[in-house]
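J.: So the protein lines, in turn, are chains D, B, P and A.
Residue numbering for the first sequence is 1 to 226, as defined by the numbering used here.
Residue numbering for the second sequence is 1001 to 1226, as defined by the numbering used here.
Residue numbering for the third sequence is 2001 to 2213, as defined by the numbering used here.
Residue numbering for the fourth sequence is 3001 to 3213, as defined by the numbering used here.
Hints listed in this document are in silico derivations from the structure and should not be mistaken for laboratory results.
Please note that the accuracy of each hint is not assured.
Claimed, not checked - Simulated DEER-style distance windows between Cβ atoms: (1) P:LYS2208 / D:GLU135: 49 to 57 Å; (2) B:GLU1204 / A:PRO3056: 24 to 32 Å; (3) B:GLY1222 / D:GLU132: 30 to 38 Å; (4) D:VAL196 / A:ASP3062: 21 to 29 Å; (5) A:LYS3150 / B:LYS1095: 28 to 36 Å; (6) B:ARG1137 / P:LYS2171: 32 to 40 Å; (7) A:ASN3111 / D:ASP186: 22 to 30 Å; (8) A:ARG3140 / B:LEU1226: 33 to 41 Å; (9) A:GLY3152 / B:LYS1095: 33 to 41 Å; (10) D:GLU132 / B:ARG1137: 16 to 24 Å; (11) P:GLU2184 / D:HIS59: 49 to 57 Å; (12) A:GLN3015 / B:GLU1132: 37 to 45 Å; (13) B:HIS1059 / A:ASP3062: 23 to 31 Å; (14) D:ARG137 / A:ASN3111: 32 to 40 Å.
As the list claims (entries may be wrong) - A partial selection of chain B residues facing chain A, derived with a Cβ cut-off under 10 Å: (15) ARG1046; (16) ASP1047; (17) THR1049; (18) ASN1053; (19) ARG1092; (20) LEU1098; (21) GLN1103; (22) THR1122; (23) GLY1133; (24) PHE1139; (25) TRP1160; (26) ARG1164; (27) ALA1173; (28) MET1181; (29) ALA1225.
Every residue, glycine too, gets a C-beta built ideally from N, C-alpha and C.
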Amino acid sequence: MINKIVPTMADAVAGAKDGMTVLLGGFGSVGQPNALVQGLIDMDVRDLTVVANNAGGGHVGLALLMELGRVRKIICSFPRSSTSTVFEELYRAGKIELEIVPQGTMAERMRAAGAGVGAFYTPTGVGTKMAEGKEERSFNGRRMILETALRGDIALVEAWQADRWGNLTFRSAGRNFNPVMAMAADLTIVQTQHIVELGELNPEHIVTAGIFVDRVVHVPYGDPAL
Amino acid sequence: MINKIVPTMADAVAGAKDGMTVLLGGFGSVGQPNALVQGLIDMDVRDLTVVANNAGGGHVGLALLMELGRVRKIICSFPRSSTSTVFEELYRAGKIELEIVPQGTMAERMRAAGAGVGAFYTPTGVGTKMAEGKEERSFNGRRMILETALRGDIALVEAWQADRWGNLTFRSAGRNFNPVMAMAADLTIVQTQHIVELGELNPEHIVTAGIFVDRVVHVPYGDPAL
Amino acid sequence: MTPWNRQQMAARVAQDIPEGWYVNLGIGMPTTVADHVPLDREVVFHSENGVLGMGPKPADADRDPWLINAGKQHVTLRKGGAFVHHADSFAMIRGGHLDLCVLGAFEVAENGDIANWATSENDTAPAVGGAMDLAAGAKRLWVVMDHTTKDGRPKLVEKCGYPLTALAAVKRVYTNYGVFDVTERGFLVVDLIAGMSIAELQAKTGAKLHLPA
Amino acid sequence: MTPWNRQQMAARVAQDIPEGWYVNLGIGMPTTVADHVPLDREVVFHSENGVLGMGPKPADADRDPWLINAGKQHVTLRKGGAFVHHADSFAMIRGGHLDLCVLGAFEVAENGDIANWATSENDTAPAVGGAMDLAAGAKRLWVVMDHTTKDGRPKLVEKCGYPLTALAAVKRVYTNYGVFDVTERGFLVVDLIAGMSIAELQAKTGAKLHLPA
């Protein structure tokens, strides 16, 4: 019997190692796999590269991971927010490396990794700082730059429902980067609000199929803060 | 009020012109927008390039379109089937051009067109006839070839449910190429088995959002032949 | 002569959005444009984080903690709305499926170049978000912004000084003084607040203003 | 000495597929492999046309007209199955998410090259389907085929003569005479039908056979 559901957080994050690249789902306060990040914190892995849309807020999840000095580099589209003080202090002090990627290019680079595309040409960023050092070429008269696939060693994902095969649904805007990152890592770990029986999810409504998921841990934390 | 539902087949296929590239959904007997193809036949458009997984079967839909001499070229992955006699005769007689594309490359090239990717690198086809004349390059030590986006002037799509905004669901294996092609054409025309009220489709379960759809026509033809 | 206030600018943009368009509104002033599109004129608002078909802002008590827009504000979903993941959401943007994107900007050049994401080459933690994808991907890019900076420097310019977001992307600019199309000749005055002369406006503008023929 | 029949070959492949693998079975003999995996050993079968989690063939009366596999045969869906569109289905294939693909072949070379889609450079209407994607994309490619052609020519060869499907992709070959791993040295005999000698087998094989050390 396939059973990707693991009983403890330690089981969920087992195998995380220093120096890994971690894809971190979530956008704003919604769909953030904060319990899994706490699991990484408790494992004391260091020197991480984190790919996430934002650079964390307050003193939880990614912000706490950074505050504890575990993150060497962050790849994101929008590090600034009203509560991103942890990141900003580290950045100003030169204690964290930052790679800014346009949000759509970031999503597409991970989707490419998940879909076996090595690199692709996109018009986003042509003629801007983002194009520096990148190859440019025209297709159908449109200038484009070459962007490479962005793969993670680990993806941390938050889901709404999961079954023992690892099939997932998401809730509302909690979907965001989660299904994309689930495709793009060697090891995809999911925290889910609800565990459901196999067969309970309608096969037409599954958003991320279990083929992209390695482990599921039950974290029924409720709603994100308003 | 947005209303993409059109009353007649003539309204649905209006604007189709000689020489256009038509993306045609369906795989096997399932999800074939045959009524829309009949609509094209009735319009007497000619010199078409058709992108479809198969080269038609029997004497309906694509096969009939070809039999009537309206198709100049077909781009597909698998033209052979037990009932593809129309195509095979035309092909042997040199009356139709054939471009064979690996099935996944075909899907990805249309997805690229729909997602604003000009071209991408894939390992599929490296070292084979499919790589002839294509640029090759390695990413992370893997040999890949460059494939360009494949766009249609028109996409013909079969859906299970549709609302007046053009939101779609599909049924079972009827999904296949339909959602991919819906993204990849200038004009996306849908035949749907069921018309539903706006708001009836769960926003978590919509497979193709109305943004990709231009027109919807109600064709409740029932089940594909067994 | 009274410049348009922010509400009037947003209303002026909204007036030009026809029913049936798919529209992404940038963070800040552009977001308020939606408040000026009557609900019976169906415009489908898109947000980068995978929300298509956003409706009006909810009352505080009705907020859904799971439903936010790209600006991290709570929003609602209209009948006909849909949720998608980030790659699909940006396929909508980058694949040219949005009829319109409205962004704010630091500068717009007369050839349509836009600078709206960083104010210097060495900005502390620059943040681009989806601006470059939107500027390059939408069928039309409109900018809504003040005509000048707080200290009076023009924001419509011959050439952007700030780091660029996209090349030759802007089609139209709405400011507190008027509406300007980006044309082959440069900025074309389409609308102007009551009582303002072209000479006055030209003095506040960093590129030549053209008048309709 | 009795060569394995098609059922035995399929059963021999099935025996090597562990629970939990995601597997795509090619059209023809590979498809029959599924019949030899007991249902309580959960293997998730994938079909190119967007079906993940296929179950056994239905009785004729129970066929669902909407549910077919890539070979256009009617199939069933197991609990836990899911439907996806073609780009997502091939993302599973091309992104390296399948543990195994089993294909038929015209020829397999000792370096793992496979030829299985066209029998000549000028084939009438050649048909590739998803074979190139599967061969290049799956984590493991196994081939199940007769050891020789009907007229006795070997199908395990030093170098393929037919147009290639993929380079150095095959990891293992199952024939009616045995099982062969593709290794750095070439074909390694892993299993052999009862009563067959290596010398006999070598005579039917177009490349050198190696024995485990």
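J.: Take the hints in turn and mark each one as holding or not.
T.: Hints, one by one, checked against the model:
1. P:LYS2208 / D:GLU135: 49 to 57 Å: violated, 36 Å
2. B:GLU1204 / A:PRO3056: 24 to 32 Å: Once the Cβ atoms are compared, 30 Å apart, the range 24 to 32 Å for PRO3056 of chain A and GLU1204 of chain B holds.
3. B:GLY1222 / D:GLU132: 30 to 38 Å: The hinted range 30 to 38 Å is violated for GLY1222 of chain B and GLU132 of chain D, with Cβ atoms some 58 Å apart.
4. D:VAL196 / A:ASP3062: 21 to 29 Å: holds, 26 Å
5. A:LYS3150 / B:LYS1095: 28 to 36 Å: holds, 33 Å
6. B:ARG1137 / P:LYS2171: 32 to 40 Å: holds, 36 Å
7. A:ASN3111 / D:ASP186: 22 to 30 Å: Since ASN3111 of chain A and ASP186 of chain D have Cβ atoms about 27 Å apart, the given range 22 to 30 Å holds.
8. A:ARG3140 / B:LEU1226: 33 to 41 Å: This hint holds: roughly 35 Å between Cβ atoms.
9. A:GLY3152 / B:LYS1095: 33 to 41 Å: holds, 39 Å
10. D:GLU132 / B:ARG1137: 16 to 24 Å: holds, 21 Å
11. P:GLU2184 / D:HIS59: 49 to 57 Å: holds, 53 Å
12. A:GLN3015 / B:GLU1132: 37 to 45 Å: holds, 40 Å
13. B:HIS1059 / A:ASP3062: 23 to 31 Å: For ASP3062 of chain A against HIS1059 of chain B, whose Cβ atoms are near 29 Å apart, the range 23 to 31 Å holds.
14. D:ARG137 / A:ASN3111: 32 to 40 Å: Cβ of ARG137 of chain D to Cβ of ASN3111 of chain A: about 34 Å, so the range 32 to 40 Å holds.
15. ARG1046: Violated - the Cβ of ARG1046 of chain B stays beyond 10 Å from chain A, reaching only about 22 Å at its closest.
16. ASP1047: violated, 21 Å
17. THR1049: This hint is violated: THR1049 of chain B lies away from chain A, its Cβ roughly 17 Å from the closest one there, beyond 10 Å.
18. ASN1053: holds, 8 Å
19. ARG1092: holds, 6 Å
20. LEU1098: Since the shortest Cβ distance to chain A is 6 Å, the answer is holds.
21. GLN1103: For GLN1103 of chain B, the interface hint holds, since the closest Cβ of chain A sits about 4 Å away, which is under 10 Å.
22. THR1122: Result: holds, 7 Å to nearest chain A Cβ.
23. GLY1133: violated, 15 Å
24. PHE1139: violated, 13 Å
25. TRP1160: holds, 9 Å
26. ARG1164: Because about 23 Å separates ARG1164 of chain B from the closest Cβ in chain A, which is outside the 10 Å limit, the hint is violated.
27. ALA1173: holds, 5 Å
28. MET1181: holds, 9 Å
29. ALA1225: Holds. Min distance 7 Å.
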